[in-house]
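Heads up: the sequence lines are chains X and E, in that order. Whatever position you read off the first sequence (first residue = 1), add 3 for my numbering. Whatever position you read off the second sequence (first residue = 1), add 7 for my numbering.
Bear in mind the hints are in silico, worked out from the structure with no lab data behind them. Just so you know, not all the hints are guaranteed correct.
What the hints assert, rightly or not - Taking lysine-lysine pairs in the DSS-like style, the calculated list, with each CA pair at most 27 Å apart, reads:
(1) X:Lys132 to X:Lys226
(2) E:Lys203 to X:Lys39
(3) E:Lys14 to E:Lys53
(4) E:Lys15 to E:Lys176
(5) E:Lys371 to X:Lys70
(6) E:Lys257 to X:Lys226
(7) E:Lys176 to E:Lys159
(8) E:Lys23 to X:Lys226
(9) X:Lys70 to E:Lys378
(10) X:Lys39 to E:Lys15
(11) E:Lys176 to E:Lys151
(12) E:Lys159 to E:Lys96
(13) X:Lys132 to E:Lys22
(14) E:Lys159 to X:Lys226
(15) E:Lys53 to E:Lys15
(16) E:Lys159 to X:Lys70
(17) X:Lys6 to X:Lys226
This structure is a prediction, so every number in the text was calculated from the model and none was measured.
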Amino acid sequence: MDKIYHLIMVPMVYLAVAWCIIGVAYRVVRMLRAPKPAHSLALFPRRIDGHVKALVEAFTWPTILRKQPVFWAFLVAFHVGLIIILFGHVDLFPQVNICPADSRHMLGAGLGGLLFTAPLLYFLQRRFKEPVRLISVPADYYLLLLMFLIGLTGISISWTNSWNPPIGFVITKAELATHYFDKLAHLSLASPIEGMLVNSHTIVVALHVLLANLFLMLLPFSKVMHAFLAVPLNRLRRV
Amino acid sequence: MDAATQKKLIGELGKKLNRAVRMYMDGCTRCGLCVDSCHAYVSDPKIEHSPVARAQNIRRLYERYFTLNGTFAPGLEEAVELDDAWMKKVYETAYTCTGCRRCMTVCPFGIDTQQIQGIAKQLLNVAGEAPMVLNMLADMSVAKGQTYRSTKDNFATAVGNLGGEIIEKWRSEGGDAVVPLDVEDCDVLYVALAGKHSIISAAAIMNAAGEKWSLSYFEAVNFGAFVGNPEKTRIISQRIIDEAQRLNAKKVVICECGTAFRVMKHMMGTLPFEVLSVVELMHQYVRDGRITLDKSKLEGKVTYHDPCQLARNGGVFDEPRHVLQQLTDNFVDTTPTREHNWCCGGGGGLVAMGEKDFRMSSAKVKADQVKATGATVLVTSCENCHTQLHDLNAHHDMGVRVEYLTELVADALIQP
């Protein structure tokens, strides 16, 4: 079992990150190499500050706020949560100390995970209702489900090590930093299991990493690409 | 569909994948926000009328033939093979989209459904399945450009016969002729439609303003754009460009035709002359005091329909409203208005194709919007919109009189 944990948590992580970076770069380069449209596709009225308007629209989604404010609120929560958990994971590297190194809490103390995960339930139920159901494809569901499971396992890891005293019951944040993220930072192939508590909690950590790996590998071929396209697409509309 | 045709069509799809289209294909999250931005969906809520469903017809082909996920796991994206059945689906959505781009104002990413439906139309063109009537009109238009020299004299005689009707609207003559032709170094080359209505009022207005103008031998309407054939679109526009350059015209003024204006103004690149809509020209005349208008001529509550290709896609919002302020004190705007205004449902070649049942059912929201204003006069600045609104008025009992802005202005010219 330790070998499987090792495979998922070390080589597969490197592979997934490399795959994701290369995949995204490939798709972006392919777009950039395609010919520009023959004429402007911008809507009117055009404004001098079209670039600014495009940025505002790409990051604040005013049309969603106007038409579906509840959807907008969940989208804001989801993206804020995503930013918190991304920084939270960066903070797990011992070289980075956004939170004090001796804090048992991840950045946001679980709020990031909650903000990220709860809206996914709303997005999923929205997908099952008309008219969105009628325009959805299987990939739309698996992507949301995958992110939900990543969030759920992440919450489980984060909250258990945040709210339980370090009495050998769960893998602690300090253990993850020292025995896992530090090794990843040095591109080590050593197993994180060595030196880290192995118990029923380990499988949750491994499952979380496995799901995240799958997500990273699917990302360049999924609708998550909208993250890289939101700004240029809004520029097309406004400039 | 045989393999050679399929290969040819896939190749054509590949050629149309420019940078913007690739982003439109990959960027859509199918959030569904655009669904009720389409007049056709709101009037007749069938999902195939929604912008995203229309786009999916092309996106599924793109996924199948141009992405790894669609190639290796087509089921996940519901990517499809290009076959006759799918082309039928493509036809159904391509030529029911008016290309109004209202959905683009709502989409969080600004995805341009018209561009995507342009690909659908091109595939149908290559497959020989585009609407015959639009292709015939486009071909006739192209042919007319090639043979116009042999019909110049007949054209001159025909427009000369309009002189009486023009003088009725404006008694003094602005230039040497009521309808001047081939005027070198003219300030305005006016490009009309085939019907005399688009010449008479504009001629009276330009003569009243003392304009040095010339009537183009060509008609403005671009059936190449309606049928979705970029080459025919270019040919139809290029002959007007050539004529303007031959006459050394300072401005090319397009009659009340939204598509013709957008193609010439925004899709033909940098031109050696200014391109204006006749609406903008009238606005300049009013603003500069070159014409004065009699407000007592127009009675009743007046509202204005923004033609999509002139307003949202052409940038002409304020000018018609300023002109209308000189014609009436009883103007009421529609809700929504300007760039958010509902499409009339007649664009994209639908009026030329007939399709009256679909046009009437898909534009109920437009009829309801006009009725809600309580107006008795509905003004617009586009031939297509005028025809569609006229039909809608009768079908949905809107209780309005549909008018061209040029005709109202010509009728209200104050004689010296």
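For each hint, the structure was consulted:
{"no.": "1", "hint": "X:Lys132 to X:Lys226", "in the structure": "holds, 20 Å"}
{"no.": "2", "hint": "E:Lys203 to X:Lys39", "in the structure": "violated, 40 Å"}
{"no.": "3", "hint": "E:Lys14 to E:Lys53", "in the structure": "violated, 32 Å"}
{"no.": "4", "hint": "E:Lys15 to E:Lys176", "in the structure": "violated, 55 Å"}
{"no.": "5", "hint": "E:Lys371 to X:Lys70", "in the structure": "holds, 21 Å"}
{"no.": "6", "hint": "E:Lys257 to X:Lys226", "in the structure": "violated, 48 Å"}
{"no.": "7", "hint": "E:Lys176 to E:Lys159", "in the structure": "holds, 26 Å"}
{"no.": "8", "hint": "E:Lys23 to X:Lys226", "in the structure": "holds, 21 Å"}
{"no.": "9", "hint": "X:Lys70 to E:Lys378", "in the structure": "holds, 24 Å"}
{"no.": "10", "hint": "X:Lys39 to E:Lys15", "in the structure": "holds, 23 Å"}
{"no.": "11", "hint": "E:Lys176 to E:Lys151", "in the structure": "violated, 30 Å"}
{"no.": "12", "hint": "E:Lys159 to E:Lys96", "in the structure": "violated, 44 Å"}
{"no.": "13", "hint": "X:Lys132 to E:Lys22", "in the structure": "violated, 36 Å"}
{"no.": "14", "hint": "E:Lys159 to X:Lys226", "in the structure": "violated, 56 Å"}
{"no.": "15", "hint": "E:Lys53 to E:Lys15", "in the structure": "violated, 32 Å"}
{"no.": "16", "hint": "E:Lys159 to X:Lys70", "in the structure": "violated, 54 Å"}
{"no.": "17", "hint": "X:Lys6 to X:Lys226", "in the structure": "violated, 33 Å"}
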